[in-house]
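Novice: Protein chains in written order, with this note's numbering: chain A, 1 to 135; chain B, 1 to 135.
These are calculated hints, taken from the structure and not from any lab test.
For chains that are exact copies, the list does not tell them apart, and a pair is met inside one copy or across any two.
Below, in silico cross-link-like pairs of lysine to any residue (SDA-like), each with a Cα-Cα straight-line distance of 20 Å or less:
(1) Lys103 - Thr29
(2) Lys57 - Thr4
(3) Lys57 - Ile19
(4) Lys103 - Leu30
All values reported here derive from a predicted model rather than from experimental measurement.
2 protein chains.
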Amino acid sequence: MAATTISGVDHVAILVRDIDASLPHYTGTLGFRVISDESIAVSGGIRLVLLDGGNVKVQLVSPTVSTGPFVETLATRGEGLHHICLTVPDIERAAADLAPGAKVAINDPGGRPRTAFLPPGPNDLITELVEIPNL
Amino acid sequence: MAATTISGVDHVAILVRDIDASLPHYTGTLGFRVISDESIAVSGGIRLVLLDGGNVKVQLVSPTVSTGPFVETLATRGEGLHHICLTVPDIERAAADLAPGAKVAINDPGGRPRTAFLPPGPNDLITELVEIPNL
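The following block holds chain A by itself, in its conformation from the complex (with noise of 0.2 Å):
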């Protein structure tokens, strides 16, 4: 299979439990700027803080309800690396390609880009996708 055109990686996520408890060691101690902070409505609710990491965007990630996938992780695997997000130009065509046959959720918020996590593939990586058509 010709590989799908992958630009680079977009961001790294943490998973904390605590965000306001975890950010001063990222952005006192390693002295990461943050580039935003929000809470979004995806897997039930979640804050994400996007911190520029210089060549690459590290994202602390922390459930803001009490239950689903990020809550469980939690539970399971504990806090941590979470995820990889890759850049891609066609967040389609790159789902097709690196989970064929498998239905894929694209986000799309509209005036953002799209975004999408692949089903689990080897190795446990979590991998999320995100669109950013090249220039």
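With chain A's structure known, arrange chain B on it following the hints.
Specialist: Relative to the frame of chain A, chain B by itself:
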């Protein structure tokens, strides 16, 4: 505390049981180019395959022995994202700033960049440092 200087993210590491079995996903499906493939005598013995992810490198790590910390992690957490490696211009200073008071072992392979793993930090994030002097 003043933040130490972090130049960026050198690589993101994925712990796998069998690199030979895993590699086709990363090279064939994702299309990442292999930068290096080596076995080194760290933690008893590990094999490291470094992949070009574009803006950041992706490293596959697999133990080549039957005991040791990587084997233990496979048993407790399974495969998946393992650590993040930050590029710093001065590894002694970064280790002192990021893990004050801790004894941090600096690996000096000679002829290659020096590296160090920080002691376990917030959010169970495993953080490695690699020293790349500023140009």
